[in-house]
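If you read the protein sequences in the order shown, they are chains L and V.
Per the numbering used here, residue 102 is the first one in the first sequence, and the count goes up by one each step.
Per the numbering used here, residue 523 is the first one in the second sequence, and the count goes up by one each step.
Keep in mind that the hints were calculated from the coordinates and are not lab data.
Some clues are possibly wrong.
Once the Cα atoms are required to be at most 30 Å apart in a straight line, the calculated DSS-like pairs of lysine-lysine come out as [as the list claims (entries may be wrong)]: (1) Lys665/V to Lys111/L; (2) Lys152/L to Lys665/V; (3) Lys597/V to Lys665/V; (4) Lys572/V to Lys597/V; (5) Lys597/V to Lys152/L; (6) Lys152/L to Lys590/V; (7) Lys111/L to Lys572/V; (8) Lys111/L to Lys152/L; (9) Lys665/V to Lys590/V.
Being a predicted model, the structure only gives us computed values, none of them experimental.
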Amino acid sequence: MAERLANRLKDRRSELGLTQAELAERVGVTRKTVNTVENGVFTPSATLAIKLAAALELSIEQLFWIER
Amino acid sequence: MTERSITERAEFLSRRRARMLPFLAVIFLSQQATYFSTPDRSPHSADHVKIAAWLVLSAVLVAAMATKGFWLQPKEIRDLIDDENTRANRLDAMRWGFLFTMAAGVAVYFLTMFEPISAREAVHVTTSAGIVSALVRWGVLEKRAHRDG
């Protein structure tokens, strides 16, 4: 069965009142990368996932999970 | 340059590249059309200017795909533009380029059983197939990545 990495990036970002560009700036990537991770188009590396979780003040498990 | 202006500049350049990639593929393809529409392409009659133009453009495009590109921009902007998603797209485009080069190589090899093709033409076709396919693939991936979802 296909597995995919789901996330609550958009919800959490909205909760904190951040735009994609602001979040991108915090983690040192372009807005495009945040956009693709948010939409599930791109699976981030462990490094980027950790940076995103830290920027959004969540643990990785709270931010990402595997959906079957 | 401030942090804000670096990210804004990187975003602007990244979007512009996404728009330019399909155009570059079309320009490159049209250059091949003029080369192959020349009736006599024997080694002695070959237009050296056309060949040199193709070689230079091919080398520049391959170098742009193999490196971060934007060679005239400051390092921090180049690093930011070539972030994780861009690297993944770039590598996927190069994978497509490799596959299309191989497919073109097989097709040219097959064609030589029916019609003689010079080594120069064979290299021209296979290289061009690889570059065009990689450019198109990269353009599609970059446009998709920029699209708000």
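Against the structure, the hints come out as follows:
Distance hint between Lys665/V and Lys111/L is fulfilled; the C-alpha atoms sit about 20 Å from each other, no more than 30 Å. Distance restraint check for Lys152/L and Lys665/V: the Cα-Cα separation of roughly 25 Å lies within the 30 Å cut-off, and the hinted pair is therefore satisfied. A C-alpha spacing of about 24 Å is found between Lys597/V and Lys665/V, which places the hinted pair at or below 30 Å, so the restraint holds. Between Lys572/V and Lys597/V the alpha-carbon distance is near 34 Å, which puts this suggested pair outside the 30 Å criterion.
For the hint linking Lys597/V to Lys152/L, the alpha-carbon distance of about 22 Å falls within 30 Å, and the restraint holds. Restraint check: the Cα-Cα separation between Lys152/L and Lys590/V comes to about 22 Å, which is no more than 30 Å; the hinted pair holds. Taking the CA atoms of Lys111/L and Lys572/V, the gap is near 51 Å; set against the 30 Å cutoff, the hint is violated. For the hint pairing Lys111/L with Lys152/L, the CA-to-CA distance comes to about 15 Å; that is within 30 Å, so the pair holds.
In summary, the hint linking Lys665/V to Lys590/V is supported, as the alpha carbons are separated by about 18 Å, within the 30 Å threshold.
Hints 4, 7 from the list above are not met by this structure, while the remaining hints are.
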